[in-house]
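Q: Spelled out from the first residue to the last, the chains are:
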Amino acid sequence: MDQRNKQFQPHVLAVRTGTSVSFPNSDDIRHQVYSFSPAKRFELRLYQGTPSEPVLFDKPGLVVLGCNIHDWMLGYIYVTDDPWFAVSDEHGRAAIADLPAGRYAVTLWHPGSPQLLPQAAGELQLEAQAPSQRFVLAGSAPVEPPASPAPSAFGEAFRKAAEDAAQ
Amino acid sequence: MLRSSFQARIAGVLILLLLVVIGALYVAVKAATDAAVRAQAQEQLNVGSLVFEQLLALRSDQLQQAAQVLAADFGFKDAVASGDAPTIRSALANQGARINAGAVFLLGLDGSLQVSTDPDIDAEAVAGLASQLQQPRRDGPRLFLLPIGRQIYLLVDATVSAPLPIARLLMGFAVDREFALQLRELTHLELSLVASGDGTAPIWISTLPDSAQALLESQMEAASAMPERLDDGIEHYFGQHLQLTSGPGYRVDVLLHKSLTEAEAAFAPLDRRILLITLVAMLASLIGALLLALSVSRPVRELAAAAQRIGRGDYQQPVALARSDELGLLALAVNDMQRGIAERERQLAHNALHDALTGLPNRTLALERLGSAITAGRSTALLYLGVGNFAAINESCGQGGGDLALQQLARRLQATLRPGDSLARLLGDEFLLLLEQCDGDSAVASADRLHQLLLKPLRIGTLDVALDCRIGIAAYPADGDTPDDLLRRARIAMQDAAQQPGRLQLYQQGRDAAQQRQIRLIRDLRHAAAQGQLLLHYQPKLDIREGRVRQAEALLRWQHPQLGMVSPGEFIPLAERTGSIQLLTAWVIEEALRQLQEWDGRGVWVQLSLNISTEDLLDVGLPARVGALLTQYRVAPEQLIFEITESGVMLDPERALQVLHGLRGCGIGLSVDDFGTGYSSLAQLKRMPVQELKIDQSFVRELDDHSEDSVIVRSTIEMSHSLGLKVVAEGVELAPSLSLLQRWHCDTAQGYLISRPLAAAAFEAWLAQPYRSPLAKVH
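Protein sequence lines correspond, in order, to chains A and B. Numbering-wise (my numbering), the first sequence opens with residue 14 and increments by one. Numbering-wise (my numbering), the second sequence opens with residue 222 and increments by one.
What the hints contain is simulated information worked out from the structure, not anything from laboratory work. Each hint should be verified, as a subset may be incorrect.
[What the hints assert, rightly or not] According to the in silico footprint, chain A covers these stretches of chain B (three or more CB under 8 Å from chain A):
#1 292-302
#2 378-385
[Said to hold, decoys possible] If you only want the chain A side, here are some residues facing chain B, beta carbon under 7 Å, derived:
#3 G79
#4 N81
#5 W97
#6 V100
#7 L130
[Claimed, not checked] Selected chain A positions facing chain B (Cβ under 10 Å, derived; list incomplete):
#8 I42
#9 Q45
#10 S48
Even for Gly, the Cβ is constructed at its ideal location relative to N, Cα and C.
Please model the entire structure based on the sequences and the hints provided.
A: Listed below in C-alpha cells is the structure:
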C-alpha cells in the first residue's frame, strides 16, 4: 500500500486473510500510517521509505487506514477469506482470471456502502467460457476520494516564507 | 394697600413670565436630555448587543478550537477507539480542565451518550436533546445554547475521526451568574439569559438586581414579550431583546438592559444648575419688582397724599416731586390743578355769596350777616326795597336797560351806606339794606332820606327813568328774632308799602299771619274741589211783580278742613289772582247743573244765576263746554243765568263778546253783575247780549225816597226797561227798600230780607213753604 502525493495508492486494496502488506512511502515526506479498525489495529511510527516490517492482516474485515499527520489521507484494505476477489477500475470493471466453472456467491463492497458493510450481490453460474457479468451495488453512494485540503492563507504565507528562507 | 398690591402685581407678572420661560426651558432641556439618554442607551444597547454576540462567538470559537484540537489528538482518538469508558472519561476531564470547560461529553455516531464528565448530563438528558443536537451545521463555529436540567449550557461540538468519524465530542460549560457578570463587565449592560421550554418554568440567569429581575419575570410572564422599559422603583432600564437559539420546545433569549438612571444621573447637575438659575432669577426679579414698584409707588403715595390734602381743601402745600418721567409730569399737573381749584373755589365762594350783576352780597350772605347781628344781639333795621315799575322799565329800556338801572340803583344805594351797614341784592328788583344800631323810627327816617334820593330819575341811555321805589321796614328785635322771619316781614311791609302814598311801610304786627293764611288758602284752594270741600248755597230771588220765588243765585262756599268756612270775599280774589278761578267756575257750573237736574227730577223748577269770572269770559271754549254739560245733565238752558261783571268784559271786549254770544246761542241767560260800580259805557252795554242788569247792593242797601242812591236806582231801572232789560236789585235788607223797588217796577229783589243763602236741602225746604211776602208787612 503505497503513499504517493499524500494519498494512499491504491485507494482500496483487497487481500486474503493472512496476507502481509508493506507500506512503502513514495513521498519525500514522512507518514505515520495507523488503523483503529477491529480487523487490524496497528501504527507505523513516522517513517520514510519502506518500513522494515510489512503488516500482517490475519483477520478478515475492513481496515480503514489513516495518517496521523495528514488527516485527509484515507485508504481501505479489505481483508477477506474468499478465494476469489478483485478490485474494480474507475469504471467499475473488475476481472477475475482463471475462475473455474461453477456456482458462486458474489459479495460487493464499496467505500460508499452503508455502514461500510459488504453487500450480497446474488449468485454467479459460471460455464466453461469466460463471461462478463454485471452486478449492481445497491445503496452505495459515490465516494470522492479524499483530497488534500486547499492551502490556507496562513499556509500560503508560511510556505512562501519557508521558500524565501530556503533560497 | 396700594403699594403692596402694586408691588405684588409687578412681582407676580415678572415671576410668572420667568416661570413660563424657565418652565419652557426646563421642558426643552428635559426633552433633549431624555432623548439623549434614550439615544445613548439605545446606542449602548446596540453596541452591547454586538459586543455580546462577538463575545459569545469568540468564546465559542475558543471552545470549538479546543474541542477540535482535542478531537484531533491521536492519543484521544486512540482512547476513544479503544472504547474504554474510564480512560475516555479521564481524557475528557483532562481536556475540559485545560480549556475550562465544565461539561465535556462524547456521543456515538448514533447520538447515544458514550461518556460524560458532568453528572447532570446523563443518557436521559442527552436522549431528550437528541433532536436539538442534530441541527444542521451552520457556517462558523457551531454553538449550542441548551437548557439541560435547571441550567443553560453553552456547548460546541467536534467530530472525532479515525480517520472516518467515530464519535461526536461536545464540550462547554453551564452558563452561570459569574459568566453573566463577566459579560456585563465587558458590555456595560445588564444581562439576562432566559431559557424557556414547553411546560417548564423558564430558567433565569440575570445580572439585574433581584427586584428588577422579579419585576421583569412577572412582566414577561404576563405579556410574553419584553417591555422596552423597566422600572422597579429604584432604577429604570431601557431594554433590548435578542433571541439566541430556538428549537422544538425550547428557546433561549438574552435580554439586555441599560440603566437609564445612570445616564440620567449624568444630567442631574444640569437640572440642579437650572434650578439654581431659576431660584437666582426669581430672587433677582423679586428684588427688581420690589425696587420698580417702590420707585413707582412712593411718588404715587405722595401724589395720593397730595390729592387727599386737596380734597380736604388745603391748597397751600404743593407736591414736591422732582422727576423727569411721567410721574413728574403728573406732579406738575397736580400742582397746576391745585392752583386752579383754589382759584375757582375762591370764585365760587364769591359767586355763592354775591350777585353777579351788581357785585353786591346776595340773599345768602345778607341772611348770614343778619344772623350774626342777631347772634351778637345788635339791634338791626331791615330796609326792603322793591322797584314797582321795574317790569315797565324792562319793557321800555330792554333787558339790558333793566340791568343798567339795577346797577345804577345799587351804586346809589351803596353811596348812602354808613360804616357797619350793608346792602344786598336779594332777587330781581329787590334790595335789602341792613342798618346796624338802628331802631324802627330812625329806620323810617333813613328810608325817607333814601326815598328822596331815589326820586331823582336814572339816566338809561337816552332815557330818563323814574323809579317807583317801595320800602318796607322791619326791625330786630321788635319784629322777629330769626333772619327768615325778619326778611319775610320786611318784604310784607314792602308789599304793603305799595298801597301807601309815601311808598313806605313799617311792618304791622299780624300781617304776617294774614299772609300765611292767604298762602295756605291759595295752596289748598287747588285741591278743594277734588276733596269735596266746596259746596253751593242758594239765595232766593223774589219776583216782585208775582210775589213768588222761582230764581236763586248760586253762591260758592268753601268748608276748609282746618280753617272752617272760608268767606268767598276772601278766597275768590285769591283764586282770581292765582289763576285757579276757572277751576272753581267749572266746578260751580257742573254742580249747579247737577243740582238742577236733581230738582227737576223732583218737580222743582228753579232758574239759577252763576257768577262767571273775567278769566272765564276770555275762554272761547266755554260755550261749547257748557253746552255739552247741559246736554249731559238734560237741563234746559233757560234755567241758567250767567252773571258777568262789566270789568270782565272791558278787559278784552271782542273776545268777551264772542264768548257771550256763544253762551247766548246756547240759550243761557246773561246778567250784568254789580252794575254801577264799574266804568262801563252804555254803548258797551248795548252791544252785550244781556237780558238783565243787577244793581250793585251798595246802591240798594239803604234805599230811601230822597237819597242820591234812589235817583240812581230809579233811573237805572227806567233806563234798563227802556233798553228791554230786566233789573235785579241785590242787597235788599229792609222792607221799605223792597216797597220802593216795587213802586219803581223793579223786576227782581234779592237780599237778607227775603232769605239768606241756604244750603241745597234747606233751600228746597224753604221753597216748599208758602211764601209770605215781606211786602205784605209793608202794606
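Q: Now tell me, hint by hint, if it's right for this structure.
A: Here is what the structure says about each hint:
| no. | hint | in the structure |
| --- | --- | --- |
| 1 | 292-302 | holds (count 5) |
| 2 | 378-385 | holds (count 4) |
| 3 | G79 | holds (3 Å) |
| 4 | N81 | holds (5 Å) |
| 5 | W97 | violated (27 Å) |
| 6 | V100 | violated (19 Å) |
| 7 | L130 | violated (13 Å) |
| 8 | I42 | violated (17 Å) |
| 9 | Q45 | holds (8 Å) |
| 10 | S48 | holds (9 Å) |
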